[in-house]
Amino acid sequence: MILKKVDLKPFLETVVEDDRLHVRWLETLSLLENMGARKIHKSMSRFPLHLQRSEVVLQHAAEEARHAFFFKKQIHRLASQEAGSVEDPARENQSPLCQWEGIRYFQSLDGLCKRRSLELLPGNSQLQTLFSYLAVTYVIEERAVDVYGIYEGLLRERDLPIHLSGLLKEEEGHMKEILNMASELPLDFQAELERIAETEGQYFQRFAEKLSQTALTVAVAG
17 MILKKVDLKP FLETVVEDDR LHVRWLETLS LLENMGARKI HKSMSRFPLH LQRSEVVLQH
77 AAEEARHAFF FKKQIHRLAS QEAGSVEDPA RENQSPLCQW EGIRYFQSLD GLCKRRSLEL
137 LPGNSQLQTL FSYLAVTYVI EERAVDVYGI YEGLLRERDL PIHLSGLLKE EEGHMKEILN
197 MASELPLDFQ AELERIAETE GQYFQRFAEK LSQTALTVAV AG
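At position 183 of the sequence shown the residue is numbered 199 (the working numbering), and the sequence of numbers has no breaks.
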């Protein structure tokens, strides 16, 4: 793992014990996965021509959108286990937990990678777009695999009706595909990922701290 380890387990332990928090966490995950799908669709038309209709990229976009839908559907799965709790429409339509901090994390990372692409690949807008897409995607996928792995363990401990094993395999597959596509770039992609990871750790730490603070406040308030 190239990214700085950020311990979200205490936060996730709080989330899985509180159905209202859990719904909002699922909304956050759906939001971030959907942002990823939208970034792919927006980027594709600016890739090198032979990649603009790439089956691999289209599949990645489709799977990110499906992951966003998957997390929305899990709210109903919780409702089936916590009868009379999450079924309440007022709860089912909760806002994402730390919505703006999540958006800020994604957009800050996106901006970082775009700026780096301009430095590395001046005058080649198609390769700049490709680098930005590959770098943002790889870093976010690695972060997601780490967080989802911890989350899946807690879900199994509590026998909750949400299963992430299939989704985790797809995210890991995306990371391998990204590294394969990076061979299109005239640079040391691994070294660039390590450089970006240093700053991503600061961005994610800020997001994680806000998640933890908010979850504690909500849990204490009841």
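The reader is advised that the hints may include incorrect statements.
[Claimed, not checked] Listed next, the in silico DSS-like pairs over lysine-lysine satisfying Cα-Cα at most 30 Å (straight line):
| hint | residue 1 | residue 2 |
| --- | --- | --- |
| 1 | Lys21 | Lys88 |
| 2 | Lys192 | Lys21 |
| 3 | Lys55 | Lys185 |
| 4 | Lys55 | Lys20 |
| 5 | Lys21 | Lys185 |
| 6 | Lys55 | Lys89 |
| 7 | Lys20 | Lys185 |
| 8 | Lys89 | Lys25 |
These are computed hints drawn from the structure, not numbers from a lab.
The hints, checked one at a time:
1. Lys21 <-> Lys88: holds (27 Å)
2. Lys192 <-> Lys21: holds (20 Å)
3. Lys55 <-> Lys185: holds (21 Å)
4. Lys55 <-> Lys20: holds (24 Å)
5. Lys21 <-> Lys185: holds (20 Å)
6. Lys55 <-> Lys89: Holds - the C-alpha atoms of lysine 89 and lysine 55 are around 22 Å apart, at most 30 Å.
7. Lys20 <-> Lys185: Distance of about 21 Å is within 30 Å: holds.
8. Lys89 <-> Lys25: holds (23 Å)
Violation of the numbered hints given earlier is absent; every hint is satisfied by the structure.
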